[in-house]
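With these hints in hand, go ahead and build the complete structure from the sequences.
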Amino acid sequence: MSAPTSEAELADVVKSATGPLAIQGGGTRGIAVEGQALSVAGLSGITLYEPGALTLVAQAGTPIAEIEAALAAENQRLAFEPMDPRALMGTDGEPTLGGVIAANVSGPRRIQGGAARDYALGVRFVDGTGTVVKNGGRVMKNVTGYDLVKLMCGSFGTLGVLTEVSLKVLPMPETEGTLLLRGLSDAEAVEAMAAAMGSPFEITGAAHCATIMEDGPVTALRIEGFERSVAYRLEQLKTLLARFDAEMTVGDAAMSDRVWRSVRDAELLRDVPEDIWRLSCKPSDAPGLMARSGAAGWFYDWGGGRIWVRMPQGQDLRAALGAFDGHATLVRAAPATRAALPVFQPETPGVAKIAAGLRARFDPRGILNRGLMGPVAEEVA
Amino acid sequence: MEMPIPDPSVLARKDRVVARLQQVLPADAVIHEDAETRAYECDALTAYKCPPMVAVLPSSTQEVSDVLRICHEEGVPVVPRGSGTSLAGGALPTADCVILGVARMNDVLETSYADRFVRVQTGRTNLSVTGAVEEDGFFYAPDPSSQLACAIAGNIAMNSGGAHCLKYGVTTNNLLGVTMVMMDGEVVELGGTHMDAGGLDLLGLICGSEGQLGVVTEATLRILPKPEGARPVLMGFDSAEVAGACVADIIKAGVLPVAIEFMDKMLIEVCEDFAKADYPMCEALLIVEVEGSEEEIDHQLALITEIAQRHDPVALRESASAEESARIWAGRKAAFSAIGRISDYMCLDGTIPVSSLPYVLRRIGEMSEHYGLPVGNVFHAGDGNMHPLICYDANKPGDLEICEEFGAEVLKLCVEAGGCLTGEHGVGIEKRDLMSHQYAPADLEAQMAVKDVFDPAWLLNPAKVFPLDVSEARRAERMAAE
Chain A
1 MSAPTSEAEL
11 ADVVKSATGP
21 LAIQGGGTRG
31 IAVEGQALSV
41 AGLSGITLYE
51 PGALTLVAQA
61 GTPIAEIEAA
71 LAAENQRLAF
81 EPMDPRALMG
91 TDGEPTLGGV
101 IAANVSGPRR
111 IQGGAARDYA
121 LGVRFVDGTG
131 TVVKNGGRVM
141 KNVTGYDLVK
151 LMCGSFGTLG
161 VLTEVSLKVL
171 PMPETEGTLL
181 LRGLSDAEAV
191 EAMAAAMGSP
201 FEITGAAHCA
211 TIMEDGPVTA
221 LRIEGFERSV
231 AYRLEQLKTL
241 LARFDAEMTV
251 GDAAMSDRVW
261 RSVRDAELLR
271 DVPEDIWRLS
281 CKPSDAPGLM
291 ARSGAAGWFY
301 DWGGGRIWVR
311 MPQGQDLRAA
321 LGAFDGHATL
331 VRAAPATRAA
341 LPVFQPETPG
351 VAKIAAGLRA
361 RFDPRGILNR
371 GLMGPVAEEV
381 A
Chain B
1001 MEMPIPDPSV
1011 LARKDRVVAR
1021 LQQVLPADAV
1031 IHEDAETRAY
1041 ECDALTAYKC
1051 PPMVAVLPSS
1061 TQEVSDVLRI
1071 CHEEGVPVVP
1081 RGSGTSLAGG
1091 ALPTADCVIL
1101 GVARMNDVLE
1111 TSYADRFVRV
1121 QTGRTNLSVT
1131 GAVEEDGFFY
1141 APDPSSQLAC
1151 AIAGNIAMNS
1161 GGAHCLKYGV
1171 TTNNLLGVTM
1181 VMMDGEVVEL
1191 GGTHMDAGGL
1201 DLLGLICGSE
1211 GQLGVVTEAT
1221 LRILPKPEGA
1231 RPVLMGFDSA
1241 EVAGACVADI
1251 IKAGVLPVAI
1261 EFMDKMLIEV
1271 CEDFAKADYP
1281 MCEALLIVEV
1291 EGSEEEIDHQ
1301 LALITEIAQR
1311 HDPVALRESA
1321 SAEESARIWA
1331 GRKAAFSAIG
1341 RISDYMCLDG
1351 TIPVSSLPYV
1361 LRRIGEMSEH
1371 YGLPVGNVFH
1381 AGDGNMHPLI
1391 CYDANKPGDL
1401 EICEEFGAEV
1411 LKLCVEAGGC
1421 LTGEHGVGIE
1431 KRDLMSHQYA
1441 PADLEAQMAV
1451 KDVFDPAWLL
1461 NPAKVFPLDV
1471 SEARRAERMA
1481 AE
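Chains A and B, in that order, give the protein sequences.
Note that this note's numbering numbers the first sequence so that position 63 is 63, with each residue one more than the last.
Note that this note's numbering numbers the second sequence so that position 307 is 1307, with each residue one more than the last.
Hints listed in this document are in silico derivations from the structure and should not be mistaken for laboratory results.
Incorrect hints may have been included.
Claimed, not checked - Which chain B residues face chain A? A few, computed with CB under 7 Å, are given here:
hint, residue
1, ALA1114
2, THR1193
3, HIS1194
4, GLY1199
5, GLY1204
6, ILE1251
7, GLU1295
8, LEU1421
9, GLY1423
10, ALA1442
11, ASP1443
Even for Gly, the Cβ is constructed at its ideal location relative to N, Cα and C.
Next comes the structure, spelled out in structure tokens:
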């Protein structure tokens, strides 16, 4: 394994590589690709933090925990609520900033606050030829040239190895509270969550779990903000959702925090034997999709727009669903499933052509996390 | 402003190109008479004008595809155009180009309140997207000052922002999917009605690509429920430094207003004259707006007022009514037109770290004296997106050139302060030749490589964004291939 400690060293490693490289942050997300391991963990540390400007810049290998601690000291946070994948994936190590950005990891607050990609202001990366490239910057509004920051977010290291990321951060709210509704069917729950998210009460979490909890279906809606505002909005929400005739209880900040940590990290799925898939879809399609999925269980986040699914080992969720507006990712799987099914939803021919073209330009030798997101670029002789 | 020499071989093919376009479009959608193409000679960067060879106004994705396929086959450059409100010259034609205007494509195709999106044709204006859903309590968040006129197509091309993006983000944060036509006529769908499209974030790449990667004909936009209420507060200070310090303190205190707008004395005067919003006369004015329930608004404004008091404001006034709030915003949003009544001006758009505001404002003041041109400042203070308005006299020989030199110095200053050339208007032609100040050759090469993938022949809006000398080899390759 190579573990460079500077961007220049990392660029040298890539430039002089003679075969595929497997890019690693903290190695917590269970991404398995062929090639010599290239760890970014040696590039670590916060290089700039201006609380008054809501910006933080750090090297890509910086542990998320270190960033969250620095932010908490100023009463700020990463608003996109990145998942800690260790429990679900059965991995150890430290989730890193580079890993979170490369995988565009966003939690329950995605529905209101946006995704990781919405908070990435700038990047530095090393492309597949060993060239250092920067894009974006550290200011909140920037349309200077093409937005390669977004392109790097969610590219899983296939276009370049991130070395530095600048982020927009946000103030921590004063408190939070969660309204729980019991006994709703999937269809009712999705409707109730849509009603809540269509209200002005700024729902920052909307999840529903029918098939996994032992004590029946439960739907959770989170509100964050100033204490009196949270209390007021939770009451308003109860009135708004009275027509669903569910048993409603309000959880305080401590309980709310536990619920959403559990949703964020998909804790309910940690010890189950099935393959784990994650689906992105139009929320109102969710109950219909699950009805035809053949799944052993599931829960909804993002008001139904994200579904965590337990599939019997080896079964292809994508084949069961057929064409739908969205995509399915194979998150955790038995080796046989891994061998048979790609991690990511296959792309339409038009999109696949563009993606392959970009890989061929950014990584002409096809050495960066080779084959992870699509066919390998032609080898250069 | 240097533009490439029109390709004589393209000009020589004009009749054939027009005839082929007429085969796929209705007669009134192909504009090729000199007197009529003049209507498309410029956008809102009016200092530069050049009538296109032809302008076309397709009515469907299929027609856009037909037009692009023909232009691709004929090797004709295409300049996409929304409503022509670009302040950066993003829609400025070249004499050998086809202007592709999407103004006839303005339908709402689908609305879903349960899934909170609206799908529109991209010629639809920004404000009329909100217009289509506001009766049902929803709105489309990005709100550029030109929102009455500007098209979603242009918003996507430039990744437009607005006054309220401190809370709601800019176009890229509110775009779920697009139908896009590639230069060779192929139609691709990116994203959809779900969040976070799969695969590479091509949606994020398209947004802000200034019409150089494809022509977006349909867009699925995120809509949001209207807040319970909103209220602005006006704060006057006797210096920009103090106003800047107040902004930083508000943000540090954990309050996140939806908007923090700054105006200096010159802008306060012209906007007050225009909108009669009863702005206090002072050196620096902040409009801070918060949203939420009545109680939440009261609570946030109490915190904000307490912070402002520590900075000895010369004025501090909450809006007392919806009418007053509307007037306060009308004044701010009319800033560009209000100053346009008294002078020709160039509007800059650099963004800087909020902490550098006082320094940058002081330097701009010094430059104003040096160049002998007055400057007004109005900007989104919460996110550091400045809009210095440099006044000049278009009828005075040499004044525009001095103004441009001054503007370039200001933008370089923004980059040196840790910021960027443009926060929401785009590069276009205006900032094209300054790109090398912000980006190293390898950084520009990586961006141009993206264009190579989407538009290998460099036919889409080719003379924009990248310094002409930097993109020259690629454009020359196209000419040689003909």
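Hints, verified against the model:
{"no.": "1", "hint": "ALA1114", "in the structure": "4 Å, holds"}
{"no.": "2", "hint": "THR1193", "in the structure": "4 Å, holds"}
{"no.": "3", "hint": "HIS1194", "in the structure": "4 Å, holds"}
{"no.": "4", "hint": "GLY1199", "in the structure": "5 Å, holds"}
{"no.": "5", "hint": "GLY1204", "in the structure": "3 Å, holds"}
{"no.": "6", "hint": "ILE1251", "in the structure": "6 Å, holds"}
{"no.": "7", "hint": "GLU1295", "in the structure": "6 Å, holds"}
{"no.": "8", "hint": "LEU1421", "in the structure": "5 Å, holds"}
{"no.": "9", "hint": "GLY1423", "in the structure": "4 Å, holds"}
{"no.": "10", "hint": "ALA1442", "in the structure": "5 Å, holds"}
{"no.": "11", "hint": "ASP1443", "in the structure": "5 Å, holds"}
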